[in-house]
Amino acid sequence: MAHIEMTETLLYSINRSKVVYDKFDDEVVLINLENGNYFSIRGAAVLVWDLLSSGSDQRSVVSILAQTFGQPREILTADVAEFIGRLLEEELMIVSDSTVEQTTSALPKTSAVNYAKPVLEVYSDMQDLILLDPIHEVDETGWPNAKKESEPKS
Amino acid sequence: MELPTPPWQTTAELAYGEMWVSDGEHLKIKHQPTHQTLMMLDLKSQEAIYWVKDANEVPYYESSAPLRLLLHWWMSSQQKQLLHAAAVGLPNKGILLVGKGGSGKSNTAISCLNSELFYAADDYCLLSFENEVRVHSLFATAKLHFEDVERHPYLESTMHVSSENEVQDEKALFFLYPKFKDRMIASFPVKAVFIPKVTNGKIAKLTPVSASKAYLALAPSTIFQMQGDRRRTHEQISTLVHRVPCYELELSTDAKENSAIIQHFLEQISR
Chain A
440 MAHIEMTETL LYSINRSKVV YDKFDDEVVL INLENGNYFS IRGAAVLVWD LLSSGSDQRS
500 VVSILAQTFG QPREILTADV AEFIGRLLEE ELMIVSDSTV EQTTSALPKT SAVNYAKPVL
560 EVYSDMQDLI LLDPIHEVDE TGWPNAKKES EPKS
Chain G
439 MELPTPPWQT TAELAYGEMW VSDGEHLKIK HQPTHQTLMM LDLKSQEAIY WVKDANEVPY
499 YESSAPLRLL LHWWMSSQQK QLLHAAAVGL PNKGILLVGK GGSGKSNTAI SCLNSELFYA
559 ADDYCLLSFE NEVRVHSLFA TAKLHFEDVE RHPYLESTMH VSSENEVQDE KALFFLYPKF
619 KDRMIASFPV KAVFIPKVTN GKIAKLTPVS ASKAYLALAP STIFQMQGDR RRTHEQISTL
679 VHRVPCYELE LSTDAKENSA IIQHFLEQIS R
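Residue numbers (the working numbering), protein chains in the order written: chain A, 440 to 593; chain G, 439 to 709.
One chain only, chain A, in its complex shape (with noise of 0.2 Å):
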């Protein structure tokens, strides 16, 4: 029996309380609303956030992207591991501890026509316009108490 490693069952969902996102054409942009790096993401780097995102995990999105394009499972495999840490490293996905169940409805399909390795292009140049702003809130009180132990909102 094949070895499988324990994170190639993980499944992710997007890490909706940073980032906004939205999915072009041929490509999807994304925003970490808390540290100002936007990214770009396309090709058949599409189609595994589409995968990820739906709920499959790493080793789905693999067999997925070999009947796709008809490259080695081990190329892919390092491929899609390598960009799942980038995904996690920005912020922009995390490891999800539900199950997701398993739908009928259609499989995300690509128009990309050739394999290239899924890449997340980053942009940091907005770091400078971000100031660190821990949102505060004032408690039942009203102003000027402040709320004690208050999460941050967008």
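Hints are computed from structural coordinates only; laboratory data are not their basis.
There may be inaccurate statements among the hints.
A short, non-exhaustive set of chain G residues, derived as facing chain A with CB atoms under 7 Å [what the hints assert, rightly or not]:
1) Ser553
2) Arg668
3) His672
Per label pair, the in silico range of CB-to-CB distance [said to hold, decoys possible]:
4) G:Ile707 with A:Ser550: 40 to 50 Å
5) G:Ala578 with A:Leu450: 52 to 62 Å
6) G:Thr677 with A:Asp564: 49 to 59 Å
7) G:Glu463 with A:Ala505: 49 to 59 Å
8) G:Ile487 with A:Arg455: 28 to 38 Å
9) A:Arg525 with G:Glu588: 40 to 50 Å
10) G:Pro471 with A:Ala505: 49 to 59 Å
11) G:Glu463 with A:Lys556: 43 to 53 Å
12) A:Gln566 with G:Pro471: 45 to 55 Å
13) G:Glu463 with A:Glu560: 31 to 41 Å
14) G:Thr677 with A:Gln566: 24 to 34 Å
15) A:Asp536 with G:Glu568: 16 to 26 Å
16) G:Asp620 with A:Ser535: 52 to 62 Å
For clarity, every value in this text was computed on a predicted model and none was experimentally measured.
All C-beta atoms, glycine included, are put in the ideal place defined by N, C-alpha and C.
Since the structure of chain A is already known, use the hints to place chain G on it.
Below, chain G without anything else, positioned relative to chain A:
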């Protein structure tokens, strides 16, 4: 007048010492200790306060875009969105110019003051979606890097001359009213988003681009320049770029070529 002690905790290290406070609903406050300013907006009472320690020391950036942050917060509550964008056009149709500093959007917009086009903004404008996608002018000002001023000699008499006590801005500031009142426009429907690109060519050229490119040229700088509901800003800009076509405008070194290609594009649109 001195400020009372702020209610927020001061244990966090903050860039520039600035603080942004929101109760998530009707109260918004920003304190800028380096500029000695405090801005507050109460959407319930519809009251806003701009406090500065010394009326003679209003920050220089307020001159070109006064009360910008308060306007951003208030307009957001009115379902309108402040954008980091320029806007030029005709009375019944126009375009937005989007891009980071140095992209050529301000120079291009300002050059339209010397054309048949009308000017709504060079840096900040207001977007609404009520019946159509529409842009609204906010400020009758323009700013240029000092090295670009000589390219716009028609602006000369509108240039603000700083007094000795004023902090020198990194840009030249122009008060366009009343000299250009006939070339300024309050509002028009948005028909396209243009992303200017500086080239060394003589020919201006328009090329359709994906909406994602326009989103990336507009959203990050708009979202991060102004504290507020960043998610809502993202949604508004996404709506914009999905609704109107987007183009890259390769700029000519001849400003008249640039205003001409914009005018020609608009004249080709039926309405």
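Verdict for Asp620 (chain G), Ser535 (chain A) (Cβ pair) under range 52 to 62 Å: About 60 Å separates the Cβ atoms of Asp620 (chain G) and Ser535 (chain A), which means 52 to 62 Å holds.
Status of the given 16 to 26 Å range, CB of Glu568 (chain G) versus CB of Asp536 (chain A): 43 Å, violated
Supplied distance hint 40 to 50 Å, evaluated on CB atoms of Ile707 (chain G) and Ser550 (chain A): Since Ile707 (chain G) and Ser550 (chain A) have Cβ atoms about 29 Å apart, the given range 40 to 50 Å is violated.
Minimum beta-carbon distance criterion (7 Å), Arg668 (chain G) to chain A: 5 Å, holds
Satisfaction of the hinted span 40 to 50 Å by the C-beta atoms belonging to Arg525 (chain A) and Glu588 (chain G): 46 Å, holds
Range hint compliance [Cβ, Thr677 (chain G) to Asp564 (chain A), 49 to 59 Å]: 24 Å, violated
Range agreement (Cβ of Lys556 (chain A) with Cβ of Glu463 (chain G), hint 43 to 53 Å): 46 Å, holds
When the least beta-carbon distance from Ser553 (chain G) to chain A is tested against 7 Å, hint result: Violated: closest Cβ of chain A sits about 31 Å from Ser553 (chain G), beyond 7 Å.
Glu463 (chain G) paired with Glu560 (chain A), Cβ distance criterion 31 to 41 Å: Given about 37 Å between the Cβ atoms, the range holds.
Range hint 45 to 55 Å (beta carbons of Gln566 (chain A) and Pro471 (chain G)) holds or violated: 21 Å, violated
Range hint compliance [Cβ, Ile487 (chain G) to Arg455 (chain A), 28 to 38 Å]: 34 Å, holds
Verdict for Thr677 (chain G), Gln566 (chain A) (Cβ pair) under range 24 to 34 Å: 26 Å, holds
In this structure, the earlier hints numbered 1, 4, 6, 12 and 15 are contradicted, and the remaining ones agree with it.
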